[in-house]
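These protein sequences, in sequence, are chains A and B.
Counting from 461, one number per residue, gives the positions in the first sequence under my numbering.
Counting from 10, one number per residue, gives the positions in the second sequence under my numbering.
No lab work stands behind these hints: they were computed from the structure.
One or more of the hints may lead you astray.
As the list claims (entries may be wrong) - For lysine-lysine, the following DSS-like pairs were computed, each having C-alpha atoms within a straight-line distance of at most 27 Å: (1) LYS1081(A) <-> LYS964(A); (2) LYS1492(A) <-> LYS1555(A); (3) LYS283(B) <-> LYS1593(A); (4) LYS171(B) <-> LYS1593(A); (5) LYS97(B) <-> LYS1593(A); (6) LYS1266(A) <-> LYS1424(A); (7) LYS1593(A) <-> LYS42(B); (8) LYS97(B) <-> LYS108(B); (9) LYS35(B) <-> LYS1621(A); (10) LYS35(B) <-> LYS171(B); (11) LYS1621(A) <-> LYS42(B); (12) LYS97(B) <-> LYS1045(A); (13) LYS1050(A) <-> LYS462(A); (14) LYS42(B) <-> LYS283(B); (15) LYS171(B) <-> LYS97(B); (16) LYS1184(A) <-> LYS1220(A); (17) LYS1191(A) <-> LYS1266(A); (18) LYS1050(A) <-> LYS97(B); (19) LYS964(A) <-> LYS830(A); (20) LYS35(B) <-> LYS97(B); (21) LYS1012(A) <-> LYS1226(A); (22) LYS1133(A) <-> LYS1424(A); (23) LYS1191(A) <-> LYS1520(A).
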Amino acid sequence: MKRPQVTIDGNEAAAYVAHRLSEVIAIYPITPSSAMGEWSDQWSAAGQANVWGSVPTVVEMQSEGGAAGTVHGALQGGSLTTTFTSSQGLLLMIPNMYKIAGELTPVVFHVAARALAAQGLSIFGDHQDVMAVRQTGFAMLSSHSVQSVMDMALIAHAATLESRLPFVHFFDGFRTSHEVAKVEQLSNEDLRAMISDDLVRAHRARSLNPDRPVLRGTAQNPDVYFQARETVNPFYDACPETVQRVMDRFAALTGRHYRLFDYFGAPDAERVVVLMGSGVLAAEECAEALMARGEKVGVVNVHLFRPFSAAAFVDVLPKTVRAIAVLDRTKEPGSPGEPLYQDVVVALQEAGNFAAPPRVVGGRYGLASKEFTPAMAQSVFAELAAVAPRNHFMVGINDDVSHRSLAYDPAFSTEDPDTVRAVFYGLGADGTVGANKNSIKIIGEDTDNYAQGYFVYDSKKSGAMTISHLRFGRNPIRASYLIERASFVACHQFSFLERIDVLKVAEPGATFLLNSPFNAVEVWDHLPRSAQQQILEKRLRVFVIDAYRVAKENGMGGRINTVMQTCFFALSGALPREDAIAAIKHAIAKTYGKRGEAVVQKNYAAVDNALAHMELVQIPKEANSSFDRQASVSDRAPEFVQRVLGTIMAGDGDQLPVSAMPVDGTYPTGTAKWEKRNLAQEIPVWEEEICIQCGKCVMVCPHAVIRAKVCEPAAFRDAPVGFKTAIARWKERANMRYVLQVAPEDCTGCGLCIEVCPAKSKSEAKKKAINMAPQAPIREQERRNWDFFLSLPQTDRATVAMHTVKDVQLLEPLFEFPGACSGCGETPYIKMLTQLFGDRAVIANATGCSSIYGGNLPTTPYTVNAAGRGPAWSNSLFEDNAEFGLGIRVSLDKQAGYAGELLRRFAPRIGEALTGEILAADQLTEAGIQEQRRRVAELDQRLTDLNDPEMRDLAAITGALVRKSVWLVGGDGWAYDIGYGGLDHVFASGRNVKILVLDTEVYSNTGGQMSKSTPRAAVAKFAAGGKPGAKKDLGMMAMTYGTVYVAHVAFGANDTQTVKAFLEAEAYDGPALIIAYSHCIAHGYDLVHGLDQQKAAVQSAYWPLFRYNPALAAGGKNPFQLDSRPPALPLEKYIYNEGRYTMLVHSAPETAAMLLTEAQKDVNLRWKLYEHWASLSYSNGGAQS
Amino acid sequence: MIDLSTGYLGLKLRSPLVASASPICKDLANLQKLEECGAGAVVLHSLFEEQINAEAETLDRFLSAGAESYAESLSYFPDLQNYSMGPKAYLDHIQRAKKALRIPVIGSLNGVSTGGWIRYAREIEDAGADALELNIYFLPTSLEIQGREIEDSYCDLVEAVKAQVHIPVAVKLGPYFTSMANMAYRLDRAGADALVLFNRFYQPDFDIETLEVAPHLTLSTSEDLRLRLHWVALLSRQIRPELAITGGIHTAEDVLKGIMAGAQVVMLTSALLKHGIEYLRDLATNVVEWMDRHEYESIRQMRGSMNAAAVAEPAAFERANYLKVLGSYTSVPTRSRI
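Just chain A, with the same shape it has in the complex:
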């Protein structure tokens, strides 16, 4: 049978099979597996049926724990069920996995295997998660390539029914889940042929049914539990054979023959490497190259990891083998060896029948998607040739601490010279990755070539660099690693040349395509010297095109993707030029057609006009540039920043040795300021004459790049020429000067400040107090101004009226330059938090956007003031943040209490006056806190002077005597869904913790999946047909306790109310919840209008502003205060400015109309309820008067 060749990624391959073979799919988003759930949801929403003709039901749960419970229940209900997950998600499923396995229930969990959060979180691929479930009783099947993902997915679904054991089918996160490759697609007939309907019916027959009731889930006692646990042994014993039988049947059907353990290599191999997952392919490429040199080597690819068949394993080993290296993509600290290694040792011990038992060593590789290349595999083979090969080694890093790493030769390469290897450096916003995905599809599906695409992304969300790795050619592609020798290099951003070595990857004679504002004649003089040298040394062919101009002229704005794609096809010769253009246009129509004709036409125009603008550069004889790439970090930065973080910034983090890394995941704050990213084409410029000094721009800036100070005139004596100031418009700061300064190299150019500025020129209305101007011409001047600004004294916090926006601008932000999306709606709240309380704040941050822009290496935006104080920050997990933060609070209170106890105990010796003052201190004001700090400093001095051994404990914890502010920060995914149980408990605890919910109404960080905060009528992932239910009223739920301070804020609508809410929340001696409207890129509009949308949300009463302060009730006042006005705008005037809502109007107009009506009702009724509450009398205990 001829099957279609499709070019898809591993996630789609797994979801393709799983969706067709399931009836119920329970999901929860987690990188890198989210796409499997998203595909399933989309397919079901579009009415795509499974192989039995029925559309699978997809349910999104509140956590992976919830998804696993739902899976368990759905199985008990008799449905064929599946789920998808990764990493921590899989860990949350463990309790149910024991249950499902213990009950011998057929199911497949498809896992994009990923690292676990330990010393730090990583979204990237390794086997730590799957290794943490190997004891649950699930069978475990491993795939190593996109094709094998599709194949093994089917084998798993068939084998689970036949064996009755549940299966984890896993493949490497990102490397396989996100690799785009050409594969043969299995047909519905293939799927039907592999699945026995009798077994499906047998599964149903075991379900819970009151017509034939059974009892499952008993409590068992010491007399029988043991025996009952051992009943399953025959099923485990039989499973490997069952799986092999299924694999054989699959082979008969498709011609692709898998075995439990696949052996590749010399039949008489002496050295064998055992591993699983995508690394197998690099090892095989290496083995092939070594065999060509006559070396006797081989590779064992482990497919069925559990149940581990020792017999089958020993069976595939050549009898000649003398040394085996087992490579684990995981780490188990303290174990005698990693799991696969241990299995191999045991298997050989128990089933080995070698005359001379081979020596076995184990090693680790590839944690968190660390590259594993043929060169690294070669070093392992080489080690096995040693008389006494090292055991418990690692490969791929330089371990200069415990000296266990193998060195490898980076020059060893097995790249196929007949395969085109192309590397593209793009900007996230320019569409490079999307175009390259299309290119790979074109090559894969329109030619006989094999094709592969893999994409490397940035750690930042704004101004992100992407690197695309494309391979294609006549020979099958196994390379499961990044391209190290490119025959084609494209640089889609000229400025990258200044920052990174884009030509390092180019092989001699390669083609280099550069998007350049300079033409073929001019460009040479604008290249950094090292780039010129490489072009000369490697004899590169260089082409330039001003893609931005072509794109702009054809209505494409900054999206240069189709222009560059057309040039790539013309230069690479993948297809004849005319065919390539036709294929690109076909792909454009397919990708963009449904978005509308205008979009297709402008893309066509860009294609048609591209090649005429591409020019070949005549290369001069020698390099003549006097400049070179810039250092990634200033030489004024601290040593650690320069040596370690700077290396990561430069893209060379792989080169850092183990010794460079902190042992316990602890990093300094105050580092984002060293990463000058120069993202903005235009930045705000201050007009001091027009400015009214209101501070709104300072408040809304998501990146803390606009700052204000008020200083004595003398402070400006040494100001650089051109440094602007104005007379301060504060009564109490008469005769002082005001300055508003922009950090030119940190601004992202989002424009929110300009939008919010209320001051306009009296003679030219368009001119505001700040206006955008091109950055390049003013960069130097403004850099000097910024440095001088930083040197100016900060206003004494004790003199600042904190409840006014005008004064808040004078407080130093201790959160600056986050790598969040340009114009982010979350970061202004965090910045304000740090302005108000940052110097005494501890922040527990739930995993999500805020933990990523808050703590993704290399740098963090959290910083310190001149006294070295600033927020202490930690991210534990996603699900536990409320409990984690509570623990911090309890602990700080304990420390403060203990310090108090000691203080009382030693008061006679320390001095009654001082200790009494410390213990009785009023720390509710800034002045009070400053005074307490002064007393504690005095205490420290006395303790030093006394030098009493008994007081050492006290000396260690005196800091606890100064009031601390504990903040629990996270998004709606955390607060409304996965962390809600814990959050609710924290509400009830009465403890003094502050909770900031940055409500974007979706799981923003994982790409916009629905949460319980998602509003009715909005489209989100997992709600492709529009969310049918209303948003959960978290504030109302918290208010029912009566003891939780609750505020609903939107800084774009009422900044003063926001500031008040933060101050009241912090002052309240108990739990306080602030739900903060956060506009987000996942709302589908240009974020420059974020503040307008906040206003509209409040005007429509979709987002009423209120504060609930239990302290008022104590005084007989109504604690509930409405801070916004009744609905003055129909809901549609607010929501239909946003793509998340209009998408539904375009895709399902009737549903959209119905949901709009319902959503408007939600708003009306909620407002009535709130209004009524706000009017209640609380005097006299609420009794009727």
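For this one, chain A is given, so just place chain B on it according to the hints.
Here is chain B on its own, set in the frame of chain A:
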């Protein structure tokens, strides 16, 4: 029995009162009510050239924004299978309107360029519209564009649209032409089946508190009628295309004046927005009463009875009248001068 029926664009209308293109006509229930209240026909709200393109570009922009940049969020929206982009919703509306109404349904297309979008004219025809109103709403602001170029582009557009469809095409335009009469004649030659006089251009207002230009839409008044009366009276029976009046029809008198000037139909939006759709019924009643009182038998009888060819003093429509009006102004005694 007084006969209100009239003809327009080859269609037989029971009344000369027609709902002009406006958001009122977006709603099917409103269309049904218009029919119930005696409308002779409805012109649906306009399908805008810019709107079709802008919707597509907006959707594309937000689906692309932030995508393929960061490993955890390679997109922010589900990739839906179908969007009803471009004219689909509009065409569905025509179909529904045709099914629900017995009176003629006139589609409306609004644009200025002769680009690919004009194929929507045919799609409007295919969707079942009885006729098409081509609304050319172009405010030339460039210092470079000459009058002739603009006139040519109007004619080119009309020709292009006519080439697309078999149903009659009315052209709705504004009054700002150096030679309105010649322009009308050229549109006649270009194939227009009717001229709808005149578009009202939105005139921006200032908000002096926020120093912003505020787009401002005021409803028309009967005052606006006179410009229309003037040109309809002048053009009536001089050119082949039929004439329709839009803008300034608020009272029965306004309707009667329009017909007497030579209009086949008069179109209303502001009056309906002001008084509700039911007002249409009152208007018709008042027209009938007036005609009855003055012993008119039919609309046909009075149509054009006061156009330039039919009045005793054709000069009243020309320059002489201007002088007369000015004269009457200066002759008004003002107290301050005494």
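Here's how the hints hold up against the structure:
1. LYS1081(A) <-> LYS964(A): holds, 20 Å
2. LYS1492(A) <-> LYS1555(A): holds, 21 Å
3. LYS283(B) <-> LYS1593(A): holds, 22 Å
4. LYS171(B) <-> LYS1593(A): violated, 37 Å
5. LYS97(B) <-> LYS1593(A): holds, 22 Å
6. LYS1266(A) <-> LYS1424(A): holds, 25 Å
7. LYS1593(A) <-> LYS42(B): Holds - the C-alpha atoms of LYS42(B) and LYS1593(A) are around 25 Å apart, at most 27 Å.
8. LYS97(B) <-> LYS108(B): Holds, at about 17 Å.
9. LYS35(B) <-> LYS1621(A): Satisfied, since the Cα-Cα distance of roughly 23 Å is no more than 27 Å.
10. LYS35(B) <-> LYS171(B): Roughly 25 Å between the alpha carbons, so the hint for LYS35(B) and LYS171(B) holds.
11. LYS1621(A) <-> LYS42(B): holds, 26 Å
12. LYS97(B) <-> LYS1045(A): holds, 23 Å
13. LYS1050(A) <-> LYS462(A): holds, 24 Å
14. LYS42(B) <-> LYS283(B): holds, 16 Å
15. LYS171(B) <-> LYS97(B): holds, 21 Å
16. LYS1184(A) <-> LYS1220(A): Holds, at about 18 Å.
17. LYS1191(A) <-> LYS1266(A): holds, 12 Å
18. LYS1050(A) <-> LYS97(B): holds, 19 Å
19. LYS964(A) <-> LYS830(A): holds, 19 Å
20. LYS35(B) <-> LYS97(B): Within the cut-off at roughly 14 Å; holds.
21. LYS1012(A) <-> LYS1226(A): Judged against 27 Å, a Cα distance of about 25 Å means the pair holds.
22. LYS1133(A) <-> LYS1424(A): holds, 26 Å
23. LYS1191(A) <-> LYS1520(A): At roughly 22 Å apart (the allowed maximum being 27 Å), LYS1520(A) and LYS1191(A) satisfy the hint.
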